[in-house]
Structures are given as structure tokens and as C-alpha cells.
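Student: Sequence:
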Amino acid sequence: MKSLLLTCFICFIISYSRAQEVYSNLPDLFQSRTSVGWDVGIDYSSQPSYRIGYALSHEERSCVVGSARNGLAFGFSMNPDLSTTGIYLNDWMAMGPLNLGLKLGYEKNSRFQWMTLQPQIGLGIQRLRLFYGYNANIFFTGSIKTPKHILGVGYTFSFTEI
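For what it's worth, our numbering labels the leading residue of the sequence shown as 6, then goes sequentially.
Wrong hints could be hidden among the right ones.
Stated by the list, open to error - Dumping the calculated EDC-like pairs for lysine to aspartate or glutamate here, alpha-carbon to alpha-carbon at most 20 Å:
hint: 1; residue 1: K150; residue 2: D96
hint: 2; residue 1: K113; residue 2: D86
hint: 3; residue 1: K150; residue 2: D86
hint: 4; residue 1: K153; residue 2: E64
hint: 5; residue 1: K153; residue 2: E112
As the list claims (entries may be wrong) - DEER-style ranges, computed between Cβ atoms:
hint: 6; residue 1: H63; residue 2: N114; range: 19 to 25 Å
hint: 7; residue 1: T165; residue 2: Y49; range: 50 to 56 Å
hint: 8; residue 1: S115; residue 2: I167; range: 18 to 24 Å
hint: 9; residue 1: R38; residue 2: R116; range: 16 to 22 Å
These aren't lab readings, by the way, just hints derived from the structure by calculation. Treat the numbers as computed from the prediction; the structure is a model and nothing was measured. Positions of the beta carbon are idealized from the N, C-alpha and C atoms, including for glycine.
Full structure from sequences and hints, please.
Tutor: Below, the structure written as C-alpha cells:
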């Protein structure tokens with residue numbers, strides 16, 4: 006009986022001290038910040054396509070759910086093999102290692118042009134995203150086929166916190 010009471014007393018002291026530590030560091034456990042920066046990446050299907058843009062990202066960290074990050078990027082894309090240039094708008098959300106995204110892209114050159122909507126799913130580590138995307142054509146003119154399956158990597162550089 007003495008050992009049971011002593012064990013309960015020690016568990017109470019340890020849990021009380023741990024609760025005091027957590028309560029005193031509450032601002033450190035729940036953090037939220039918004040930053041702006043660069044979004045860079047490579048999409049690969051049959052030939053690589055490069056993109057660079059401006060990104061706005063929001064990150065929330067808590068002791069309960071870990072880290073959640075979402076962002077919105079817009080910028081320029083180019084595919085040197087097809088001699089295309091274009092613009093894109095990319096929205097993503099990361100919850101732990103899972104990344105979900107949606108990219109709207111437009112590319113053209115002198116012979117053809119296309120606009121695609123690309124849902125994405127993948128893995129992420131901090132600001133690095135690895136994803137698979139599927140291009141759904143909104144419109145297409147020209148003589149080549151648009152790539153359907155895309156493997157990509159993206160990274161967000163944050164340089165100013167707002």
C-alpha cells in the first residue's frame with residue numbers, strides 16, 4: 006500500500022510539473038506566421054518544365070496537430086524542349102507529410118497553346134514538396150499532346166515575415 010501511494014504521489018508531482026512547463030511555454034507551442042518568398046520547382050513528364058514565382062505562405066504549429074502549412078504561388082513557367090513559356094497559379098496545403106495542391110497553368114509558343122488544371126498529391130518536408138499531378142485540359146490548340154502525368158518538386162523560400 007505504501008509503494009502504491011508513493012507511486013501515485015510521484016506520478017502526480019511529475020504530471021503537475023509537466024503541466025506547469027507546458028502552461029508556461031504556451032506561446033511557444035502555438036505559433037502562427039505568414040511570410041512571402043519565392044516558389045521554385047521542376048515538373049517532369051516527358052521533358053522538364055521549370056517554374057519560378059512569388060509565394061505567400063501561412064504556417065501554423067501546435068503541440069496537438071503538429072505543423073500545417075498552406076500557400077499560394079503565381080509566376081512564370083517555361084519548357085525549353087517545347088520552347089514554351091507560360092504562367093501558373095498554384096495553391097497547396099500541407100498537413101504533416103501529406104501535401105495536397107491544385108495548379109492552374111497556361112503555356113504557349115508560336116505553334117500551340119494549352120491551359121490545364123492539375124490536382125496534386127504528394128509528400129512534403131518543411132518547405133519542400135514532392136508530388137504527383139494529373140493534367141486535365143481546359144483547352145488545347147496545336148499539334149502535340151499535353152503531358153497527362155506529372156512528377157514534380159517544389160520549394161518555397163520565405164524571405165519576409167508579414
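Student: Each of the hints needs a verdict: does it hold here or not?
Tutor: Right, here's what the structure says about each hint:
1. K150 x D96: violated, 25 Å
2. K113 x D86: This hinted pair holds, its Cα atoms lying about 13 Å apart.
3. K150 x D86: holds, 14 Å
4. K153 x E64: Violated - the C-alpha atoms of E64 and K153 are around 31 Å apart, more than 20 Å.
5. K153 x E112: holds, 14 Å
6. H63 x N114: 19 to 25 Å: violated, 35 Å
7. T165 x Y49: 50 to 56 Å: violated, 30 Å
8. S115 x I167: 18 to 24 Å: violated, 40 Å
9. R38 x R116: 16 to 22 Å: violated, 45 Å
The earlier numbered hints that this structure contradicts are 1, 4, 6, 7, 8, 9.
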